[in-house]
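Work out the full structure, taking the sequences as your base and the hints as a guide.
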Amino acid sequence: MSDIDMDALLAQREEATGSADTFAFTFAGQRWFAKDPIMGDDEWKDELAELMTDVDVAEHYLGAEQYEKFVAAGGRAGIVHLAIREYVKTQQAEDSQGRPTRRSVSSAKRRKR
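According to full-length UniProt numbering, the stretch in the sequence shown is residues 1 to 113, in order.
Just so you know, the hints here were simulated from the structure itself, not pulled from any lab data.
All the given hints hold, so there is nothing to weed out.
Label-pair ranges, simulated between beta-carbon atoms:
no., residue 1, residue 2, range
1, Gly29, Ile4, 35 to 43 Å
2, Glu68, Asp21, 20 to 28 Å
3, Phe33, Lys89, 17 to 25 Å
Calculated lysine-lysine pairs in the DSS-like style (CA-CA distance at most 27 Å, straight line):
no., residue 1, residue 2
4, Lys69, Lys45
5, Lys89, Lys45
6, Lys35, Lys89
7, Lys45, Lys35
8, Lys69, Lys35
9, Lys89, Lys69
Beta carbons: idealized from backbone N, C-alpha and C, even for Gly.
What follows is the structure in structure tokens.
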């Protein structure tokens with residue numbers, strides 16, 4: 001088994017998205033940038049864990065200045081949470097496609113026949 005080259009993975013991610021630790025989404029015809037929930041640094045995650053409201057969490061993901069602009073554009077915390085959920089779902093789907101050694105249950109059943 002070979003090692004995973006995290007330097008190459010992070011460089012590839014940054015090249016593809018423009019950042020190794022954020023993701024973009026579009027709302028109200030504008031592009032917004034949120035912190036990737038996996039790639040946030042430890043301090044950011046510790047602060048996230050202490051937040052109590054959806055608004056505080058959404059603001060933490062976007063940053064205070066950008067969240068203020070987001071709200072002024074008609075946004076609300078639930079939209080940020082939905083964007084995060086969709087982003088995570090997309091990442092999980094991409095990860096599962098990138099694992100050629102992972103066999104599906106249906107292909108395992110066919111081999112037993």
